[in-house]
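**Student:** These are the residues of each chain, in order.
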Amino acid sequence: MSLLRRLQRLFRLGGVESELAEEMEFHRAMKTRELVERGLPESEAAGVVAREMGNMTTAREDARGVWLPPWMEGLWRDSEYALRSLRKQPGFAVVAIGTLAAAIGLNTSVFTVFGAVALRPWAVREPGRVVNVYALGSHVPVGGNSAMGFSIAEARFLDAASQTFEGLFAMRHWTVALGPTETSAQPSSAILVTANYFRVLGIEFERGRGFLADEDKAGTPQAVVVLSYTSWQNRFGGDSEIIGRTAHLDGVPFTVVGVASRDFTGTETLRTDLWAPLSASKLLRPLDSSIGDMLEKADYCCSSVAGRIRKGVPQAQAGAELEVLSHRFSAEHSREANGVLLTSTAMFSRPGRKGDTTAAFALMFAAVFLILLLACANVGNLLIARSAARRREIATRLSIGASRSRIVRQLLTESMVMGAVAGLAGLAIAYVLPPFVMARAMDEPANFRLEPDRAVLAFSLGLSVLASVLFGLAPALHATRVSVTALLKEQAPGSRLRLRSLLLGTQIALSVVLLVAAGLMMRGVRNAANRDPGFSVGNIDVISFELPANSYNTARIRALLAGLSEAMQQTPSLHPYGLARSAPFANSHWFTGIRMRAETNDRMVETQEVGAEYFSLLGIPLVCGRGFSPSDRGVILINETAARSLLGGLNACGKTVTVRNEVRQIVGVVKDTYSVKIDAITPLMYEPISGMDMPRLLVRQAGSAGFQAATAIAKRLDPRIQVRGEHLSAQFARHLGPARTASALAAMLGLLALMLASVGMFGVFAYVVRQRTQEIGIRMALGAKPGQILKLILGASSRSVLGGLAVGIVLSGVVSRLIERLLYGVSGFDPISYLSVCLILGAAALAATWVPARRAVRVEPLQALRYE
Amino acid sequence: MGTRTTPPDLLPGTLGMLILRVLARGPAHGYGIAQQIKGISEDVLQVGESSLYPALQRLLLNGWVKAEWGASENNRRARFYNLTPAGRKQLASEREEFQRMVAAIQRVLETA
Numbered sequence: 001m002s003l004l005r006r007l008q009r010l011f012r013l014g015g016v017e018s019e020l021a022e023e024m025e026f027h028r029a030m031k032t033r034e035l036v037e038r039g040l041p042e043s044e045a046a047g048v049v050a051r052e053m054g055n056m057t058t059a060r061e062d063a064r065g066v067w068l069p070p071w072m073e074g075l076w077r078d079s080e081y082a083l084r085s086l087r088k089q090p091g092f093a094v095v096a097i098g099t100l101a102a103a104i105g106l107n108t109s110v111f112t113v114f115g116a117v118a119l120r121p122w123a124v125r126e127p128g129r130v131v132n133v134y135a136l137g138s139h140v141p142v143g144g145n146s147a148m149g150f151s152i153a154e155a156r157f158l159d160a161a162s163q164t165f166e167g168l169f170a171m172r173h174w175t176v177a178l179g180p181t182e183t184s185a186q187p188s189s190a191i192l193v194t195a196n197y198f199r200v201l202g203i204e205f206e207r208g209r210g211f212l213a214d215e216d217k218a219g220t221p222q223a224v225v226v227l228s229y230t231s232w233q234n235r236f237g238g239d240s241e242i243i244g245r246t247a248h249l250d251g252v253p254f255t256v257v258g259v260a261s262r263d264f265t266g267t268e269t270l271r272t273d274l275w276a277p278l279s280a281s282k283l284l285r286p287l288d289s290s291i292g293d294m295l296e297k298a299d300y301c302c303s304s305v306a307g308r309i310r311k312g313v314p315q316a317q318a319g320a321e322l323e324v325l326s327h328r329f330s331a332e333h334s335r336e337a338n339g340v341l342l343t344s345t346a347m348f349s350r351p352g353r354k355g356d357t358t359a360a361f362a363l364m365f366a367a368v369f370l371i372l373l374l375a376c377a378n379v380g381n382l383l384i385a386r387s388a389a390r391r392r393e394i395a396t397r398l399s400i401g402a403s404r405s406r407i408v409r410q411l412l413t414e415s416m417v418m419g420a421v422a423g424l425a426g427l428a429i430a431y432v433l434p435p436f437v438m439a440r441a442m443d444e445p446a447n448f449r450l451e452p453d454r455a456v457l458a459f460s461l462g463l464s465v466l467a468s469v470l471f472g473l474a475p476a477l478h479a480t481r482v483s484v485t486a487l488l489k490e491q492a493p494g495s496r497l498r499l500r501s502l503l504l505g506t507q508i509a510l511s512v513v514l515l516v517a518a519g520l521m522m523r524g525v526r527n528a529a530n531r532d533p534g535f536s537v538g539n540i541d542v543i544s545f546e547l548p549a550n551s552y553n554t555a556r557i558r559a560l561l562a563g564l565s566e567a568m569q570q571t572p573s574l575h576p577y578g579l580a581r582s583a584p585f586a587n588s589h590w591f592t593g594i595r596m597r598a599e600t601n602d603r604m605v606e607t608q609e610v611g612a613e614y615f616s617l618l619g620i621p622l623v624c625g626r627g628f629s630p631s632d633r634g635v636i637l638i639n640e641t642a643a644r645s646l647l648g649g650l651n652a653c654g655k656t657v658t659v660r661n662e663v664r665q666i667v668g669v670v671k672d673t674y675s676v677k678i679d680a681i682t683p684l685m686y687e688p689i690s691g692m693d694m695p696r697l698l699v700r701q702a703g704s705a706g707f708q709a710a711t712a713i714a715k716r717l718d719p720r721i722q723v724r725g726e727h728l729s730a731q732f733a734r735h736l737g738p739a740r741t742a743s744a745l746a747a748m749l750g751l752l753a754l755m756l757a758s759v760g761m762f763g764v765f766a767y768v769v770r771q772r773t774q775e776i777g778i779r780m781a782l783g784a785k786p787g788q789i790l791k792l793i794l795g796a797s798s799r800s801v802l803g804g805l806a807v808g809i810v811l812s813g814v815v816s817r818l819i820e821r822l823l824y825g826v827s828g829f830d831p832i833s834y835l836s837v838c839l840i841l842g843a844a845a846l847a848a849t850w851v852p853a854r855r856a857v858r859v860e861p862l863q864a865l866r867y868e
Numbered sequence: 001m002g003t004r005t006t007p008p009d010l011l012p013g014t015l016g017m018l019i020l021r022v023l024a025r026g027p028a029h030g031y032g033i034a035q036q037i038k039g040i041s042e043d044v045l046q047v048g049e050s051s052l053y054p055a056l057q058r059l060l061l062n063g064w065v066k067a068e069w070g071a072s073e074n075n076r077r078a079r080f081y082n083l084t085p086a087g088r089k090q091l092a093s094e095r096e097e098f099q100r101m102v103a104a105i106q107r108v109l110e111t112a
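Each protein sequence line maps, in turn, to chains A and B.
Numbered per this note's numbering, the first sequence spans residues 1 to 868.
Numbered per this note's numbering, the second sequence spans residues 1 to 112.
Same shape as in the complex, but just chain A (with noise of 0.2 Å):
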């Protein structure tokens, strides 16, 4: 409280000793007219008074340290005279303040997005109690970790028989069409969910409610829907008479029963728009027979459970709980028994994620620190020369009698007002650039919020700090380590030079490591896109056909498929075309169990259901073997890394796995592609296609005509079916999106560090030039050539450049050794990618050395002798 009052006196500081003074001026006159109403002479009477009260600016002094302690006042007037010191320079004040708020804003940036993405737990009430809840099974899948969901049934039985927990509820993430029609309906994130899900997370509503323990009987399903506040907003436009309203969830009518709080978006990874009941499924997919086993059987897997503990109980107990009712159930309905295992709600603590994450943000964060660094050595350049312009000043108050420690003090604090004002910069970039970049890096509307937070604010005061002293405290001490007499006579100290030449070779070495990363993750990405991936991308077009969900079930989308090709046969636009599950380079994986006959535990290996003349289509060639027919069921085709990882060869055509428990032969092994990624070639097992979803149409060289006639023969087949057209290639640069994001930003940041890198070099040729200009003039006088005079000049600094250049080189071979995963196969030893950076900094370091050296050639011997 007190120090509050301090802190407000402190900004009106120049208001309270004006107060102070005309206060004791009214105590004078006030006084004075005292001793004239008693008779004294007015002229004597003043001065009377002025002898009585005494020295009055000390007594003014006094009453103000009350308010100021000793160090406050010290820090204030440190403060004042380095606002006023860097009013005088704004061309120096700029160029600091801007590279350091672009180093801070960029760390605050990536601290902003990791706190987001990676640390921040679900938008709930008291997430700290709200755990996700995963079963760790027996099978650990090749590469992967075994934890997994758990059934409906046995989520139901856990949140009844726990005692440790308010609840638990089990969900499942859906995509359906919604809309207040048929017609209007727009692809929606759902969620489905057991009855308690908003109770037990304490989510508020904006109108209506959540759902109730009766909506959600798998016997008798019930049509209700809450919708987010945003699908309220932009799909309903914000009816307020919402509750009670229809809305249509992949044509099914469903009626509105609450509108969740704005601020809950849903506990997946990307935004919810609306949530429903589990056993809404139900009326979803009428004609789906495996929905009833999802919703009741015992060994469903799997939907994801998540719970909230109840206070006070510790996250061992619960889980130990959670362990042994999940053993009762598994004992029960004879299964194989599993462990549990909670994690906060936070992305970064899911299992299988944290690997990745930390590694993304350790070399986002070890970029970026770079850069501080680097802005830190340039800052630090830049106040050692203008240190060395207030030498004069320096020295004065050296010799004064101000101690060393009192001008370090005082140079620290202009680091500090600086880097505080650079702070403020910066987290104003923080607020700005996220979601700005977030919003290019991601096609859908991720389910995290970018604000700065709390930590943010810390991270970014703590940076500003940590940043006033790196580049602050080696040239403070620095300006007041010489003979006060050497300053007075303008002599320059060696050992300057020296500093600013570790600090700028140490500019270099950063700038080219920063470089050399970006130059091979850009060559990479290039090398990506040129890639041969092992089948014809170019011309493929790619047909999705969107069914209406509540009328198709497996059967259905047979018979569909069956006329379709009927009608194919006909339309000669339409041909070579094949079937595939999911196109090339999309975003969706299937992986199926998989093991030898011998063996008992399955392994997961992608799978990919594909039509007869999928592989003639894409030029994929047969190792051996046979393509499929389009009579085949229960066979399978393998690509050639498969065969070497299953059957641990070639010959694999004709042997027979257990696929799903069923035995399966392999009619074929086909050449490996990269047609699930373009940076590796994994397992891959083929199916004919089963018709569980509808597959995509790949067609070569379709047209505008071939989409049309595939359209028509759609809609003559069911008037209800959407059908959406594009290039494999469109699929195919949407699949390489994050890794162009990724070389562009590293590429920013490398140009960044170039510029930061050529602002350093020139500070310092300018420097020395200034530093010589003396010489220069005698030399210049004595007959010197120009080509000397730039030698000499050139050769101050060229050994900090060199020296730099070689060490960034050695750094980065190490870092390129971290990065390699990223390069698609570029080496991190690529050549082209180190010379050219060689060639850059040349490039920029004759830049920066130009405008100095131009100066010294022309420098007037006399004036140059005058200088003295």
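No wet-lab data here; the hints were simulated from the structure.
Just so you know, not all the hints are guaranteed correct.
Selected chain A positions facing chain B (in silico; Cβ < 8 Å) [stated by the list, open to error]:
#1 19
#2 24
#3 26
#4 29
#5 30
#6 47
#7 49
#8 53
#9 58
#10 62
#11 63
#12 66
#13 589
One side of the interface only, derived from the structure: several residues of chain A facing chain B at Cβ under 7 Å [stated by the list, open to error]:
#14 21
#15 23
#16 57
From the three backbone atoms N, C-alpha and C, an ideal C-beta is built for every residue, glycine too.
Assemble the complex: chain A is given as a structure, and chain B must be docked to it using the hints.
**Tutor:** Just chain B, lined up with the frame of chain A:
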């Protein structure tokens, strides 16, 4: 007349209490406070400006008094100090403490 400030026998820490007591009678400006202390104590206690104003600032800092600008009796701009509820409480407790002290000292003096 020398440059006498606070009489040396004014117990340390009592100035703040005296000011608070004077202000308990009503708002006053610095000069007025000094005058009142002098008058009531029949010229025994004379408060110098060099201790009065720092003491007033300390009271402000602690939130025991508030200051407002107003017109003095001769219509000059003067800064008037006013007791806050916290100040009133402080006065009561300081007063009690002081009286306990004085009584104790008295007892010692009388018995010894």
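**Student:** Which numbered conditions among the earlier hints are violated in the structure presented, ordered from lowest to highest?
**Tutor:** 6, 7, 13, 14 and 16
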